Structure formats: structure tokens, C-alpha cells
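Novice: Residue numbers (our numbering): 499 to 631.
Hints should not be assumed to be uniformly reliable.
[To be verified] Heads up, simulated EDC-like pairs for lysine to aspartate or glutamate below, C-alpha to C-alpha not over 16 Å straight-line:
#1 LYS606 <-> ASP549
#2 LYS613 <-> ASP570
#3 LYS606 <-> GLU620
#4 LYS527 <-> ASP549
#5 LYS527 <-> GLU620
#6 LYS606 <-> GLU592
[Said to hold, decoys possible] DEER-style ranges, computed between Cβ atoms:
#7 GLY585 <-> GLU558: 15 to 21 Å
#8 GLU558 <-> ARG602: 19 to 25 Å
#9 SER584 <-> HIS556: 26 to 32 Å
Just so you know, the hints here were simulated from the structure itself, not pulled from any lab data. Computed from a predicted structure; not experimentally measured. Backbone N, C-alpha and C define an ideal beta-carbon position, used for all residues, glycine too.
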Amino acid sequence: MAKRRVSPSVCPCGNTSYPRCCGPLHDGKPAADPEALMRSRFSAYALGRTDYVVRTWHPETRPSDPAELADDPGLRWVRLEVLGTSGGGMFDAEGTVEFRAHYREGGKPGVMQEKSRFVRSEGQWVYWGPLPL
Numbered sequence: 499m500a501k502r503r504v505s506p507s508v509c510p511c512g513n514t515s516y517p518r519c520c521g522p523l524h525d526g527k528p529a530a531d532p533e534a535l536m537r538s539r540f541s542a543y544a545l546g547r548t549d550y551v552v553r554t555w556h557p558e559t560r561p562s563d564p565a566e567l568a569d570d571p572g573l574r575w576v577r578l579e580v581l582g583t584s585g586g587g588m589f590d591a592e593g594t595v596e597f598r599a600h601y602r603e604g605g606k607p608g609v610m611q612e613k614s615r616f617v618r619s620e621g622q623w624v625y626w627g628p629l630p631l
């Protein structure tokens, strides 16, 4: 899988510059909270970093075949909106993030909305899966 080139001025998640935002998490720094992990996972999808997506997915719920997450050249993740968060504090074992991920597929715009559950596993935040909206 080819990794996409990143502009140092803007992180794919839209928060700040990539080297100060999702870049360190992609390089191994643990996420401080579920929102930071969710933003870094969106950026990983946008950059074709499926290795990071798999690494930050709880082993009990991640796809058994990581090839299911293969980069689709016709799909581009373009913008992220965080709609709300709950839990995920220093003393919490889990938290949620609701978001809209905007994409273009075959040149046509689309939106995916999800409320995601995140849990601590071995001291680090990981994605558990979607919750009902």
C-alpha cells in the first residue's frame, strides 16, 4: 500500500499541522483521549495508513483479514466533523466520539456518520466499534 504524501501545513483531520497533530500518533505516541485517537484514525484512512488503523483497533473486534481495509484509490477522505464526545477522561475506561467523515468516491461527495466506542486496552485507547446513533 502506498502512503499518500502529507502537506505539513494541514492535518487530514483538520485540527492543526500534521507534525503537531496526528503524525506523532502514527509514529507510535499513544492517543491522549478517544477524540485524539478517532482523529488519528481518520487521518490514517485519508493517508492510506491501514497499518495504524489495524494497530489501534481492539483485537476482539478488528477484522480478521486486514486486507478488508485495503486502500481504495477511488475513495478520498476529505473532511472530518466531530459532533460530540463523552467519557474518555483520565480515569475513564471508555469513551465515545460521534463524527461525520466526508469523502469523495468516484468524484461524488458522501458522508459517513458514526458514534464510535473507544476503550482502554493495556493502558492505551483503542477503537472498539460503532454504536447505534
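Novice: Could you work out which of the previously given hints the structure breaks and list their numbers from low to high?
Specialist: Of the numbered hints given earlier, those the structure breaks are 1, 2, 3, 6, 8 and 9, listed in rising order.
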